[in-house]
Amino acid sequence: MNNFSLDQIRIFRAIAQHGSFKRAAESLYISQPAVSLQVQNLEAALGMPLFDRSGRKAELTEAGRIFLDYAHRILALCDESRRAITDLQNLKGGTLVIGASQTTGTYLIPRLIGEFHRRYPEVGVQLHVMSTRRTAYGVAEGRLDLGIIGGEVPLELQGRLAVEVYAEDELALVVPGFHPLAGTEVIRREDLYGLKFIALDPESTTRRVLDGVLRRFDIDVESLSIEMELSSIEAIKAAVQAGLGVAFLSATAIEKELQLGVLHRLNVEGLVLRRPLTLLTHPQRYESRASRVFREQILTNFARSEALAPS
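Read in order, the letters of the sequence shown are residues 3 to 313 in this note's numbering.
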């Protein structure tokens, strides 16, 4: 087996991601013949074909699928080594890459990034808002420095990641400002079964977590009237404001609407719904100084302030 280069690995991964030699060439700003030549050289070095070229799409062979896993890891280590060298500049450069699940990434993390940027303005920060599963895999594969989620880590990754609960997120029942219950502060548990709910898609992590928390308080989730299911928190807030139903939403997601009076928060007698906010890191990968500072200073201060805040 002959040697192969990092450029060949990057080209190979780009083709696997795009499913096309042409689109891979465009994404890398090189010619398609150059891409084809590099892949031929890589396959010659490995002694096996990596792509099945018989169809319109570039499909990975069995060898290609195996090599892709190593390609991800090799390129992640390259990025990790660059961050380690950049750390020598003492937070005067470099990039912090954070992944977060939908609610956390949309409503909480931007505020924390703002605080980090005020302290360390020369460090670039990238925030990727995606599903809990994709966030966890991003940390496991080294594409993210850390992940912040409000759901559960996939079972297959629980032994590979360091999982730390750093705070809790309260889930609040909200109705539109003109709802008959908008003048009420507390309702009974049995009143929930007479309301029409707007909820996230059943496959979403946030929905599964909420249903699990409700069940722990002996709420029969299957007996709640789900009027509609939507794919985003913003869509649910808009639907509630329009009077289409009520919803359980993260308290961090409704602060502005509560202040404006377009939503009203109801307390449910004997029901306090909280879900853990979890920090994900990879214990066997290099932790950049920027990542460590964000974790130890920004997240710790937030967790402390949440602990001291009245419930």
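Since the hints were made in silico from the structure, they are not lab data.
These figures come from a predicted structure and were not determined experimentally.
Careful, some of the hints might be misleading.
Said to hold, decoys possible - FRET-style restraints, in silico, Cβ to Cβ:
(1) 214 - 288: 32 to 38 angstroms
(2) 157 - 64: 22 to 28 angstroms
(3) 306 - 126: 36 to 42 angstroms
Said to hold, decoys possible - In silico SDA-like cross-links for lysine to any residue, where the CA-CA straight-line distance does not exceed 20 angstroms:
(4) 59 - 70
(5) 198 - 222
(6) 198 - 264
(7) 59 - 76
All C-beta atoms in this analysis are idealised placements derived from N, C-alpha and C, irrespective of residue type, glycine included.
Find the hints from earlier in the document that the structure breaks and name them by number, from lowest to highest. 3 and 7
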